[in-house]
Every structure is written in structure tokens, then in C-alpha cells.
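Chain G is fixed; fit chain H onto it per the hints.
Chains G and H, in that order, are what the protein sequence lines are. Be aware that the first sequence starts at 540, since it is given in this note's numbering, and climbs by one per residue. Be aware that the second sequence starts at 540, since it is given in this note's numbering, and climbs by one per residue.
Incorrect hints may appear among the rest.
Chain copies aren't distinguished; within one or between two, either way the pair holds.
Taking lysine-lysine and the DSS-like style, the derived pairs with C-alpha atoms no more than 30 Å apart in a straight line are [unchecked claim]: (1) 644 / 821; (2) 557 / 793; (3) 622 / 557; (4) 644 / 766; (5) 557 / 766; (6) 557 / 667; (7) 667 / 766; (8) 667 / 622; (9) 766 / 622; (10) 622 / 644; (11) 793 / 667; (12) 644 / 667; (13) 557 / 821; (14) 622 / 793; (15) 821 / 793; (16) 821 / 622; (17) 644 / 793; (18) 557 / 644; (19) 821 / 766; (20) 667 / 821; (21) 793 / 766.
Read the hints as simulated data drawn from the structure, not as lab findings.
2 protein chains.
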Amino acid sequence: MDIIAFTRGVPPAESFPKEAIFECARRVLRDNSAQVLQYGNGAGFGPLREVIASDNHVDPGRVVVGQGSLQVLDTLGRVTLAKGDTVFIEQPTYDRTITLFQRAKVNLVGFALTDGQMDLGEIERALKADPAPRYFYVIPDFQNPSGAVMALPVRERLIELAHQHGFLIIEDCPYRHLRYFGEHIPAIFELAPDVTIRMSSFSKMVSPGIRTGYMILPADLAPSISKFAADTYISPSMFDQAVVVDFINQGYLKEHTAYLVDLFRPRLITLLDALDEHLDSKGAWTRPQGGYFVSFSVDQNLTAVDLAAAREVGLALSDGRGFFIRGGERFIRLPFCALDESQIEEGIRRLARLIG
Amino acid sequence: MDIIAFTRGVPPAESFPKEAIFECARRVLRDNSAQVLQYGNGAGFGPLREVIASDNHVDPGRVVVGQGSLQVLDTLGRVTLAKGDTVFIEQPTYDRTITLFQRAKVNLVGFALTDGQMDLGEIERALKADPAPRYFYVIPDFQNPSGAVMALPVRERLIELAHQHGFLIIEDCPYRHLRYFGEHIPAIFELAPDVTIRMSSFSKMVSPGIRTGYMILPADLAPSISKFAADTYISPSMFDQAVVVDFINQGYLKEHTAYLVDLFRPRLITLLDALDEHLDSKGAWTRPQGGYFVSFSVDQNLTAVDLAAAREVGLALSDGRGFFIRGGERFIRLPFCALDESQIEEGIRRLARLIG
Chain G
540 MDIIAFTRGV PPAESFPKEA IFECARRVLR DNSAQVLQYG NGAGFGPLRE VIASDNHVDP
600 GRVVVGQGSL QVLDTLGRVT LAKGDTVFIE QPTYDRTITL FQRAKVNLVG FALTDGQMDL
660 GEIERALKAD PAPRYFYVIP DFQNPSGAVM ALPVRERLIE LAHQHGFLII EDCPYRHLRY
720 FGEHIPAIFE LAPDVTIRMS SFSKMVSPGI RTGYMILPAD LAPSISKFAA DTYISPSMFD
780 QAVVVDFINQ GYLKEHTAYL VDLFRPRLIT LLDALDEHLD SKGAWTRPQG GYFVSFSVDQ
840 NLTAVDLAAA REVGLALSDG RGFFIRGGER FIRLPFCALD ESQIEEGIRR LARLIG
Chain H
540 MDIIAFTRGV PPAESFPKEA IFECARRVLR DNSAQVLQYG NGAGFGPLRE VIASDNHVDP
600 GRVVVGQGSL QVLDTLGRVT LAKGDTVFIE QPTYDRTITL FQRAKVNLVG FALTDGQMDL
660 GEIERALKAD PAPRYFYVIP DFQNPSGAVM ALPVRERLIE LAHQHGFLII EDCPYRHLRY
720 FGEHIPAIFE LAPDVTIRMS SFSKMVSPGI RTGYMILPAD LAPSISKFAA DTYISPSMFD
780 QAVVVDFINQ GYLKEHTAYL VDLFRPRLIT LLDALDEHLD SKGAWTRPQG GYFVSFSVDQ
840 NLTAVDLAAA REVGLALSDG RGFFIRGGER FIRLPFCALD ESQIEEGIRR LARLIG
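Chain G extracted, bound-state conformation (with noise of 0.2 Å):
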């Protein structure tokens, strides 16, 4: 039996921009190799740098490109955080900044989604509590793992608290665009830019093997963070960067997100049709309108999930643990977009197998 898998949430092969990757690889060797072929800059490369910043309305000297964003986080991390210092986190989060932060031995405080959203009461009884935290870091679109879109309402809160208690919030966006359904809601960064660290990526709109991620920081902060970046990997590729930039300035980019968005929205579909078939009455699960990821949390009442069993079933799935500082065995993520809709139909009815 060929296994489904609901694990990593990577693009779907077939869906990789190559010919047009081809293209820009073409043109950025033809055009500007003494550039592209050559050591650069510790913030990124020049032009790339000044199309993110004109997309976000910030001076390009606030934008560090780096090796994927997590790369970034890591060197923000390690620039400005010191041991004991306070970051809050949604819980679930992604599992690879709960991997960071723990690494960086700072007092982690998650904040539970209850139908997606945080309570607001709990957080600011936790910033009455205990010394503020440094950074607040959230996805507030299309949540890793959860699939929840953080409110309107709870964005104008927590940017409130921002500037009562002097914290930066940290905007992790790589799905934004990936939208399907409904309207955009503003990003934290867009209300406001002044208390948000904007961090997105190109791994999820061109590809994750061209390794492209960026933070938009605070003015006074991006040149340590680039100093510091230098002198751990010097600059991030400048072949990637450039492939990405004319991918950009093509208008490949906008073309590649709107057959990304026709692409995955059935897909998204099916999936919400298969729990709501197969499903029903055995958990609880999100309703996205984008993104990557439906999440299903397993009816208390049954067991928690059985990784093992689930490949038994023909099932592969993450440990839900890894995407919570304490709990998530309840947890399941399914990402839908690297499955066509037959996999996915077929890997609900096994789901229901197993927890049935």
C-alpha cells in the first residue's frame, strides 16, 4: 500500500515555476554575472532587496534577505536575544521556531488557538504578570499548523499591547497570497509597521530549493543583523536572490500565484468535504481559506493519535507534539497541497481508521 502523506508542508512538484526559473537563470547570467557570479552583501542582493522594500513601503536598508527567513529569525535570535529573555508564541506554532527559540534558551510563553483565535484576556493578564516579552511571534495567516487567520480585531489588540508594553511583533507571512477564498484581512504589518517585524519567504510562491527568505526590521536594528549575517555565511546566494528578483520583475510572480491559488483551492475543498464525510463526529477542525495547512484536533474522548498505527493504516503523519512547547498529542496537521484530490480523499478514509 502506498502511503499518504500529511507531513511536510512542501510545494507539489509539479507545480515548480521551472521553465520560467530557467528563463531568469538565463537572463541573470546573460545580463549581470560579474554581479550574480560574485561575493555580495551580508543584507542580500541590491535589487531584490529594493523591490521587497517598494512592496512594503520601507527604505530597502530595513530589508535582509537571507537564506530561507528562518535564517533570519536565527541571526535576529541570536543578535538580540539573550538567555531568560521572554518571546510569546501562538500554540500550536511552527515547529521549526519552537526548535529556534528553545535553542536560544529564552523563557517560551504559547498562547493556546481556541477556534483559531488566542484569548486576549490570558495575554494580558501574562504581560501584568511577568517582565514583557522581547518579540510576539505569529502567523497570523494561514497559521503553520493550525490553518487559522488571526482576526481582525485580536491584529488591532496585540498591536495596541505592542506599544503599551514595548514588545515587536513578529509577522511570519509566507502564505498570505496563497488565499482562495474570501477577503484579505490587513496585514499586522501594514496597520502597523512601526511595532512589527515583517518576515516572509519566496519558498512556498517560486520554490524552496531556491533558498529566499527576508525579515523586514526595524531601521536600527537590520544593519547588526546583516554585520552579523556576513560574518556567518558572508552573503545568502546571489544566484537565487537574482533568479528570484527577475521572477519578480517579470511579472512571473503574480501569473505563478494566481495558478498556485487555482491549483490548490480544490484541493482545500475536497479536503474540507472529506472530514466533514468521514469525520464528523470524531474532532474538531479548522475551516481555512488559504494556506497550506488544515488542522484536526482528535475528540477528547478518544485516544491520542498513534503515529505508529498510522503508517499500518497507510498513513504518514507528523507528531503533533513537535508544533507545542507542552501538549498537541491530540494534534493533527494536513497540509493538502502536495496531494492531488484522490490522495486526499483516500487519506481521510484512512484517517477515520485510525481514530474511528
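For chain H alone, kept in the frame of chain G given last:
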């Protein structure tokens, strides 16, 4: 007046094998886009690890590819070094290595290069007096910044000392294949792969903008380094790595190395001739048979190097102190590969004026 820059050790833009890189990019996108554009492994792209392993007669499990070799050195330090651990280095040495180890808060002990060689007696005395180092970082072939080549008896004695005192030699060898005269001396890794971490890069042999370097680590250390790398940046650029391994497999690396040797040899001859002609009584310099650098030590009877005055005579120089833990005021690194012969001659004429 155009400034002649004896500053960074970068390849000349005209040497970049852009047509070959383009061909490789086309082939890997055509034949293997599903892998090349996807997320990869923290240790790097399998086919590249296999080629490196095979060239070095080791198991691929020992090879960790990173976004430049400095990145892997940083990861090695983060995983294995604690504050106060001892690390030995040559003095002078690669400035970014000093920065990186200082950042790790290790006890950094430098051994002076005199006529290109460390004093073995001094090393032996240090090993008796102090706790053994965890690592001894060396660049035996055409050292950055001095140009020195470590003599075979020194290599052999270092290996004996590593066995006796239980430290690992980190052999950084990005310039090894750029030999313009004379015979290769066996690499430390070739003589003693059990006590040596080999560290190298394709920056000088293919392109530094394609950020690809690697380490060959002890088998028991490689998995933890790969895991930490994955938790920091998921994987190095798959696209870059695929281009590099295709460049090797097509035979371009061999061809391009021969081309670089022919390109750089007359530049080195010109530099050494110009030093003989213009700076005979002003200091001492190395006479390397390869690599990127000649180094010049200003005679102690003259004043230290004045970088501001250098710009006034049309010369850009690196601050020699960057290559030393302490000292370096009279040290001038002369990277010659990115300058043509007339620039090299004129540069040395200006240098003679500066320190004359």
C-alpha cells in the same frame, strides 16, 4: 585617480564560467526539477555529497554541505564549542574565522607564522602548559592571508600532536587546487583523516555567488551538525548545489581549474617581480607557488601602515589587524587574482610610495 584595490580575496568577474553554469542550470532544471526546486536535507544535496565523499574516499554520511564553508564552521562551533574552550589558530589567519571564534567566546591562541611556518616548539610548550585545544584551525595551502604553505614536516608533527593531545585539525583548503608552480604537498586530511576535519568550498573554483562549501566531519559528529543546520536553515540552496555537482560531473571543474591556473600564474609572477623591483629594502614578503595572496610585512624601522594615506596614493588595503588576534599593524595582504598585470604593477608602485 582610480583606486587599485588590494582588499578582498575575490575571483575576477571575467573568470566566471557563466556559459557552463548556464548549461548546468538548464540541465538540472530539465532533468531533476522535482528534487532541485524542493526542500532538501540539512546535510546538503545527496549527489553532491556523494561526489565529495568519493573524491575524498569517505562515506557520504561524513559530508555536510553548507552555504559556504564558513556557515558550516559556524554550525560546528555552535554545536561543539562552549565558552572558554581553547582553539588554536595560525597568526595571521582568515579574518572571518577569528571573528567567528571570538563570537563563540573561546580562548583563541594564535601561533605566529615566521617565514610562513609556525614554531613547533611554541606549539608543544602551549600544549604542555594549557588545556588541550578542541580544534587547531589551519589553512595549509596558500594560506589566507599570508600565502604561506605549511611544510610537510610541520603537517606531520601537527598530526602526531593531534593524536597525542586529542584535538581535531580543521584543515581549510579552498585554494589547494590553485597551484601555479611546484609540486603538491600531501594534505593533512590525506595523511590523517582520523584527526582532521576537511573544510573547503567551490567559491574560488566555480563561483562565490553560488554559495556552496562543505566539511568532512568525523562520522559521529556529522549527524548532529546536519540536524542543527536543518533546524537553522532547513537546507542549503538545492539549485546551487545541483549546479555545482553537474559542473563537476560534466568535467567543467577540471577544465576551469586549468583555466584559472593559467590566468592567475602570470599575475603572481608580475606581483613578485614588482615587489622585487620596488620594495626590496622596505620589508619581507612571501613567495607562494599558488593561491590568491602574497603578504608583505613592512619593515619594523618604518611606520605602521596608514590606510587613510593609502587611499590618497590610490590604493585600497585591508586593515592588517583583522587577520591577527593582536598586532598586524605592519601586515599587508596582497590579493592578486582580481587585478590585471598593469594594475598589479601600478599598485605595487603606489605601495612603494606609501611606505617609502
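Evaluated hints:
In this assembly of identical chains, the alpha carbons of residue 644 and residue 821 never lie at most 30 Å apart, being 37 Å within a copy and 53 Å across copies at closest. Taking identical chains as interchangeable, the C-alpha atoms of residue 557 and residue 793 lie at most 30 Å apart whether they share a chain (15 Å) or sit on different chains (28 Å). Proximity of residue 622 to residue 557 under the C-alpha cut-off of 30 Å is found in neither arrangement, the shortest distances being 43 Å within a copy and 46 Å between copies. Taking the shortest alpha-carbon separations for residue 644 and residue 766, both the intra-copy value of 23 Å and the inter-copy value of 18 Å come in at or below 30 Å.
For the homomeric pair residue 557 and residue 766, the shortest alpha-carbon distance between copies (29 Å) is at most 30 Å, but the shortest distance inside one copy (33 Å) is not. Neither within a single protomer nor between protomers do residue 557 and residue 667 lie at most 30 Å apart by alpha-carbon distance, with minima of 51 Å and 59 Å respectively. In this assembly of identical chains, the alpha carbons of residue 667 and residue 766 never lie at most 30 Å apart, being 35 Å within a copy and 38 Å across copies at closest. For the identical chains of this complex, residue 667 and residue 622 are intra-copy neighbours only, at 21 Å inside a copy versus 35 Å across copies, given an alpha-carbon limit of 30 Å.
Taking the shortest alpha-carbon separations for residue 766 and residue 622, both the intra-copy value of 21 Å and the inter-copy value of 22 Å come in at or below 30 Å. Both within a single protomer and between protomers do residue 622 and residue 644 lie at most 30 Å apart by alpha-carbon distance, with minima of 5 Å and 15 Å respectively. When the C-alpha separation of residue 793 and residue 667 is checked against a cutoff of 30 Å, the pair qualifies neither within a copy, at 44 Å, nor between copies, at 65 Å. Only within a single protomer do residue 644 and residue 667 lie at most 30 Å apart by alpha-carbon distance; the minimum there is 22 Å, versus 36 Å between protomers.
For the homomeric pair residue 557 and residue 821, neither the shortest alpha-carbon distance inside one copy (41 Å) nor that between copies (58 Å) is at most 30 Å. With identical chains, the CA atoms of residue 622 and residue 793 are never at most 30 Å apart, being 42 Å at best within one copy and 48 Å at best between copies. Proximity of residue 821 and residue 793 under a CA criterion of 30 Å is satisfied in neither setting, with 39 Å inside one chain copy and 62 Å between copies. Taking identical chains as interchangeable, the C-alpha atoms of residue 821 and residue 622 are never at most 30 Å apart, the minima being 41 Å within one chain and 51 Å between chains.
Proximity of residue 644 to residue 793 under the C-alpha cut-off of 30 Å is found in neither arrangement, the shortest distances being 40 Å within a copy and 46 Å between copies. Within a single copy, residue 557 and residue 644 get their C-alpha atoms no closer than 40 Å, and across copies no closer than 44 Å, so neither meets the 30 Å cut-off. When the C-alpha separation of residue 821 and residue 766 is checked against a cutoff of 30 Å, the pair qualifies neither within a copy, at 51 Å, nor between copies, at 36 Å. Taking the closest pair of Cα atoms, residue 667 and residue 821 never come within 30 Å of each other, the shortest separation being 38 Å inside a single copy and 68 Å across copies.
In the homo-oligomer, the alpha carbons of residue 793 and residue 766 never lie at most 30 Å apart, since the shortest distance is 32 Å inside one protomer and 35 Å across protomers.
Hints 1, 3, 6, 7, 11, 13, 14, 15, 16, 17, 18, 19, 20, 21 from the earlier list are contradicted by this structure; the remaining hints agree with it.
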